[in-house]
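Engineer: Residue numbers (the numbering used here), protein chains in the order written: chain A, 1 to 268; chain B, 1001 to 1751.
Because the hints were derived from the structure by calculation, they are not lab data.
Mimicking SDA-like on lysine to any residue, the simulated pairs with C-alpha atoms at most 20 Å apart in a straight line are: (1) A:K134 x B:L1529; (2) B:K1217 x A:I249; (3) A:K202 x B:Q1312; (4) B:K1244 x B:G1208.
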Amino acid sequence: MSVDKDQYIITKEPFYEVQGNEVALYEAAYESRLPVMIKGPTGCGKSRFIEHMAWKLGKPLITVACNEDMTASDLVGRYLLDANGTRWLDGPLTTAARIGAICYLDEIVEARQDTTVIIHPLTDHRRTLPLDKKGELIEAHSDFQLVISYNPGYQSLMKDLKQSTKQRFTGLDFDYPDTKVEASIVTKEAGIDEATATKLVKIAHTARHLKGHGLDEGISTRLLVYAATLINKGIEAKAACKMALVTPITDDKDIRSTLVHSIDTIFG
Amino acid sequence: MTTKELEYADYRDKLKCSFEQIEDCFDDYMKDALRNLTNKGVEDYLSGASLVCMIGRGWEPVSIYLEEMPQMAKRVGEPILEIVSKHVWDMSRSPNGKAIPPFMQCLPEASRRLGTLEQMQHFFDILFKMLDSTTTSVHGHHKTHSSQGFLVLLEQIPFLLSQLSLEGLKNWIEYGVRNYHNHPERQKDYFSLQSADSKAMLQRERHGTLYMDNERKLDMYMRSMWQQEEYFVPYSSGFDELRKPQPYYDSLGMRVPDVYDDIDGVRGINRYRITLAHMAAHKRWTERQVADNLSPFQRVAVEAFEDSRIEQLILREYPGLKKYFLALHPTPIEGDCDSEKESCVRHRLAMFSRAILDENHGYQNPDILEYVEKFWDALKDSESSTKEMLNLAISFTAKTRRQSDLAPKVRFENTEVDYRDDNRHMWVFIEENDEAEDDTSEPQSSEVIEPDGLPPRHYHEWDYNTSSYKPDWVTLYESLHAPGNASDIDKILEKHSALANYLKRILDLLKPQYYVRQRYQEEGSELDLDVAIRSLIDLKSGTQPDPRINMSHRHDGRDFAVLLLMDLSASLHDIPDGCTQSILELSREAVTLLGWSIEQLGDKFAIAGFHSDTRHNVRYHHIKGFSEHWDNGVKARLAAIEAGFSTRMGAAVRHASHYLEGQKADKKLLLILTDGEPADIDVTDEKLLIEDTHKAVDELSSKGIYTHCISLDKKADDYIQDIFGSSGYTVIDNVEKLPEKLPMLFTALTS
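This is chain A alone, in the form it adopts within the complex (with noise of 0.2 Å):
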């Protein structure tokens, strides 16, 4: 069974600005093969930065985003009926351990607990993956790497990872990159001047200030770029701001009347 392996390499290089040493610490770990973990709350850029590694190291890259109603057979594969009976169908994760790529899974502890324990034989020493219904033992191929990432914020006491999966992985820290770099990812991703960038900025603050007092999780970069794309298309700023920001996180009418009003007094 072949797969194409060039439909998951990355060509064009993703925009992704450095925050600290984290290129760094990353290649060091794919040096060695390490699993790594990437913490950090919804659209800090967890996702963004993995592609962008994938790029730089120029190999493939296989994303699954988790869900709740996902299984083993979801990562793995299953058997499909067909004319002549039945037909296995390698699964994603099965796909990147025989191509070698880079396995991401986001959001990891959206996935139901009997489905995270699969991953363990391939995030030890053994970076083998046993496919038990079809009775094959997958060696991984020797480029092979586990990425899994994961939003600590939000998620109820029932999704924390157990212990066992956790103590496999090596971790990274994301959090929002600090005002001035966020301004300027903003500004390069959407093409806005860098003044109103730092507004946006600001307005994120503001909400983020309120996590835990009503909202779950603060303005993320990815919705500031959001707001940016529409001031650049000629949306007057504050509703630009009210589409993007305010809208979408939170149906709190307290909250969104204090952000509608910060965005009233930073805009001006």
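Dock chain B against the given chain A, drawing on the hints supplied.
Structural biologist: Just chain B now, with coordinates in the frame of chain A:
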């Protein structure tokens, strides 16, 4: 005699009134009347005055009528002339004649506030309806006793109209009439704004943006934009006419007014935010200064300069606030203050402050311009500092000082910036003055009384007569129930061990099975081999295969939060017919079994009891909390439950709901165990508390909490459906069976 005088003499004849005082000023009255009224109006005016004269209440009402009516008629229209005189006449024919002078007195202010004839009509309707319903008769049909509240109400009218819309006034008056119409003393207290609920009611009806409604928004504002967590203390601006209180902050929190009206296009909520922004900026940028060496003038100047400085710093962060500052900051007009006659200290400073905010101020005063320049220099590339402002302000005071600054009359017009605080936090006094020394001798209270239980909470109560809530009507005290002997509860379990075993078997069936297999799914997580093979066979044999060959797993957990609220009123002592135990004992046994079984199930479960002794004392006993286990502490409290007093259910239900709201669960259930209908000794209307409880149940269901009542009252059918709806209750006729029924009922409800 000129023609004019002749004319006046004509009019004098038409005014049938013989008070001597009239002759002195009749000409003036007429001049005023002729200027403001039409010919018809003058006729009405004179006949109205004659009518007021005829009632025989002395000169005062007549003089007010003559003096005020022409202006009033001009303001709201001439029909008012006749309306007023007629009302006065009617009042003179009732026991309320005494109220005529105050009635006349409140009219000018009322007409100024209300402005149209229509509004005045409404106003009279409200007043006389109130008068009518508070004038009482003792025997027979005739009204014999004057209204107690009317006189004091009239005195309050100017104030009330300044605070309330007409609609609000109506509600406020009707509330008083409804609740105190047969209690003259309380009625007086209410209408003279002395009693607490009169003030509370007034507060509720006031116009503007209420602090109470926006507390959370303001809290969020401070948190998100200033990263400060503040405790807010609202003060009332409604009752202190002489000294208008100003916002301020100290270690105990930020004081803000309880209500802000919209002014000049700035909404009340934004006025709150601006007031808070100003104080928050002080907190961030102002350093305390020693006040001892400064004169009061210097201090005022320093405060003004510092206020301007921090406002500029605010604007650097939030430029959008500028439009609000400009709208709220007064615009003193240059040359408005005559330095020969009055002190212009405040006027000058307000001009300076305006000039800083508004580039287009247009002021010419060289001193002000010079210092505005210096101010901008100081703030050019830095935040400057309070110290620098202090020096600048002192030199400003020296330069602009005038002899008249010490004049007793200070010009205040257009100098008050109402969003600024009083700056008391800015100063340190090194030398304590005499007053302070007195303070230190304050007797220290040696005994601190430990409060028994939590501080009281107030709940509103629904009044079905008016379809409105009575604000903060019921006071509820929550406390831990005193413990008794825990082994009693264990004995109960032993006694019912057979039943307990039976329950245990049922409960095991109920226990959550976390994963349930769902077969026959078209889309599923796994192939169901048995079905797949069957389908394959179908396929190969040429028939249509069943495509539902997958299976998946379903998460199946119990996620309940249950609060059992026990009615502990006195009737629980009764021993029902044919029983050997009191209802209280049976309830205790039932709750014991229920508590034990729920503990087995692992659902979140709490127990509380309540009873009431009038609306001022509803007791809520904590027996088991959600986070507590079925341990000896809980058992001891349950063993000690006692019955007494009455059943004011609404408040207890509302209090219980606030605990349930805090629980994170898919389903929330409030179980109420009671033996009778809601009642209390201070309520004569049977339906009132039933309706209130019904309302409370509605409130709960809108919050996603189910309510179920277990009633031991055989006659409950008469009312229980009105409270809990058609399916929200169970009546247990055979009380003796309660210990068995209750856990079964619970499992039936939750499975």
